[in-house]
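J.: Taken in sequence, the protein lines are chains A and B. Just so it is clear: in the first sequence, position 3 is 3 by the numbering used here, and no numbers are missing. Just so it is clear: in the second sequence, position 260 is 260 by the numbering used here, and no numbers are missing.
Everything labelled a hint here was simulated from the structure, so no lab data went into it. Some hints could be false.
[Stated by the list, open to error] Simulated pairs of lysine-lysine, DSSO-like, Cα-Cα distance not exceeding 30 angstroms:
1) Lys-251/A <-> Lys-323/B
2) Lys-251/A <-> Lys-228/B
3) Lys-231/B <-> Lys-250/A
4) Lys-154/A <-> Lys-111/B
5) Lys-251/A <-> Lys-260/B
6) Lys-320/B <-> Lys-258/A
7) Lys-2/A <-> Lys-187/B
8) Lys-251/A <-> Lys-231/B
9) Lys-215/B <-> Lys-19/A
10) Lys-258/A <-> Lys-88/B
11) Lys-88/B <-> Lys-112/B
12) Lys-310/B <-> Lys-251/A
13) Lys-78/B <-> Lys-108/A
14) Lys-215/B <-> Lys-250/A
In this text, all values refer to a predicted model and were calculated from it rather than measured experimentally.
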Amino acid sequence: MKSIVCIKYVPDTSEAEVKVNPDGKTVDDSRFSFDINDADNYAVEESVLIKEDKGGEVDVLSIGPKQSEVMIRMAMAKGCDKATRVEDDRIADHDPLMVAKVLAGAIKDQEFDLIFTGCWADDDGHMATGVALAEYLGVNHASMVKKVEVLDGKVRAHRELEGGMMEVLELELPAVLTIQTGINEPRYAPIRGIRQAQKKELNVVSLDDLGIDPAEVDSDASQVVLENLYIPEIESAAEFIEGEPDEKAKKLASILVKGGLV
Amino acid sequence: MSDVLVLAEHRQGALRDISFEMMAIAPRVAEAMGGEVKVLLLGSGMDDMAKKMSEYGHKVIVVDDPLFEDFNAEKYQKALSALLDDMKPAVFMTGQTAQGVDFMPALAVEKKLPYIAEAIDLNYEDGALKATRTVYTGKVNATVAFKPADTFLVTIREGAVEAPEPASAGEVEKMDSPLKEDVPYRKFVEYIEAEVGDVDITQSEVLVSVGRGLKEDKNLPVIEDLAKAIKADISGSRAATDAGWIPHDRQVGTSGKTVKPKLYLALGISGAFQHLAGMKGAKTIVAVNKDPEAPIFTVADYAIVDDIFKVVPALTEKLKELKG
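Just chain A, with the same shape it has in the complex:
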């Protein structure tokens, strides 16, 4: 079983204040903490679980800056075998179709059975890269996968639908699976694995190295334009309860009791 897992280095903005830069097209990410995209973390775990079950190898593929190598090493500490990091500032990374084209270009000559990606990215959330990647490579795909069973020459995938329902389907291999969070319990990297990961192969490549014409994947090639970013006005009709934590708790308790809500 040969697998490739595609991962992305993203900022954690869930509890951070986000400010748009004066260019109106980027955000000030200087104070964010970055790590592996949540769904990609589950994708790494799933690829390693399948390798442990069926044998074979798992390669990591990521487009990102030098700093993301910490994340890539962590994936290798968990059991991935080698890695490729693509770094090239000409890639139109606002467009998932361009990102998918670069990933496809990095994979094209390799044999593989399964490609794993997270089903969505915490930062731009298109849910498009993995499915587009499958089309560029001319292979099957299933998105939002919550369970994987590898069978003879095919894979049975459970896709998460709305309302907690699942769609079960079978795909001929090779295939791309975009993994949904909650499919497994991502492991912590063992100390031994962390040491070993430092010695594993990590190749850094540019578009030129991959033989990809930059004019095929740059912002001129993209058919969509990111015009601007802005902070939406937050409309809240909520009554904000102020004070020290104890006072807030007391005020809320009396609102709930007096209002007959509890």
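Starting from the known structure of chain A, arrange chain B on it as the hints suggest.
T.: This is chain B only, laid out in the frame that chain A set:
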């Protein structure tokens, strides 16, 4: 052509809400572009659904074929590829749903057409079609414009807009399926219904709901004590169920349950739109979160910006005292 073609979505014989919600966006875009709305239904045995969609006053095109009985991305892509060549709409729209995300990116790549995923709004201005979408966990909006192309592909977020009231009857037209044979590489096996647990949270009067802010499962007693004190059931966000703190059948949100309790206490839940879609129908919403910018506050009636571990134990004590 400057028409807007809308693929309506249905599952197990019923139209999904996104199909009606798109009727709030498509007509406005079609009018601005000087075209008409056409609604496309792919499926098998869809007379009732076709009639219902036609009540929005637009032409409904029905491709009725047993091959489309269940959703299959490969079949959809093949059929839609042929239909786009044939109909040449200016815009092709469907929902950013488990169905939409499974074929739209591949269709865009195949047809070399521009694609914008998960628009929450769509406007045609100065000769360009522009989408609004959200990035960075809902804290930033992006305006993304299509460059000129034969057809713009776009998916619309579920629950982004209210569905309009039906207006007047439109005509229903049957069209032959462009798909002549089954696809070889992808087989639908079955649907598995949602898990049913010991408590049906869709029926709960009071819900204490917890999210990422719980941090780890050893903190659960803080939540359980509060729930016990006010006879509430416990539910959770996707983060809480993914982490295994709360059973999956108690997940609130698009991929879980839609709940309508009398009181919903959101504790340490930031409020991703998928979560909000599942709980904004609650009568009274209380949110406690330490991030003042958390989207959960946009739907809350009462809000406390603070650490749940500082507020919740004190709240439980005070409630016990007041309720005697």
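J.: Each of the hints needs a verdict: does it hold here or not?
T.: Right, here's what the structure says about each hint:
1. Restraint check: the Cα-Cα separation between Lys-251/A and Lys-323/B comes to about 14 angstroms, which is no more than 30 angstroms; the hinted pair holds.
2. This hinted pair checks out: Lys-251/A and Lys-228/B have alpha carbons roughly 20 angstroms apart, not beyond 30 angstroms.
3. Between Lys-231/B and Lys-250/A the CA atoms are separated by roughly 19 angstroms; this keeps the pair inside 30 angstroms, and the hint holds.
4. Using a Cα cut-off of 30 angstroms, the hinted pair Lys-154/A and Lys-111/B holds, with the two alpha carbons roughly 27 angstroms apart.
5. With a C-alpha separation of about 24 angstroms, the suggested pair Lys-251/A and Lys-260/B falls inside the 30 angstroms cut-off, and the hint holds.
6. At most 30 angstroms may separate the alpha-carbon atoms for a hinted pair to count; Lys-320/B and Lys-258/A meet this at roughly 14 angstroms.
7. As the CA atoms of Lys-2/A and Lys-187/B are separated by approximately 23 angstroms, the hinted pair is consistent with the 30 angstroms bound.
8. Proximity of Lys-251/A to Lys-231/B is assessed by CA-CA distance (about 20 angstroms); at most 30 angstroms being required, the pair is judged to hold.
9. Only pairs whose Cα atoms come within 30 angstroms are accepted, and Lys-215/B paired with Lys-19/A is accepted, the gap being roughly 26 angstroms.
10. As the CA atoms of Lys-258/A and Lys-88/B are separated by approximately 61 angstroms, the hinted pair breaks the 30 angstroms bound.
11. For a cut-off of 30 angstroms, the pair hint linking Lys-88/B to Lys-112/B stands: about 14 angstroms separates their Cα positions.
12. The suggested pairing of Lys-310/B with Lys-251/A holds, with an alpha-carbon distance near 14 angstroms, which does not exceed 30 angstroms.
13. Between Lys-78/B and Lys-108/A, the direct Cα distance comes to roughly 23 angstroms. Compliance with the 30 angstroms bound is thereby established for this hinted pair.
14. As the CA atoms of Lys-215/B and Lys-250/A are separated by approximately 24 angstroms, the hinted pair is consistent with the 30 angstroms bound.
This entry does not satisfy hint 10, going by the numbered hints stated previously; all others are met.
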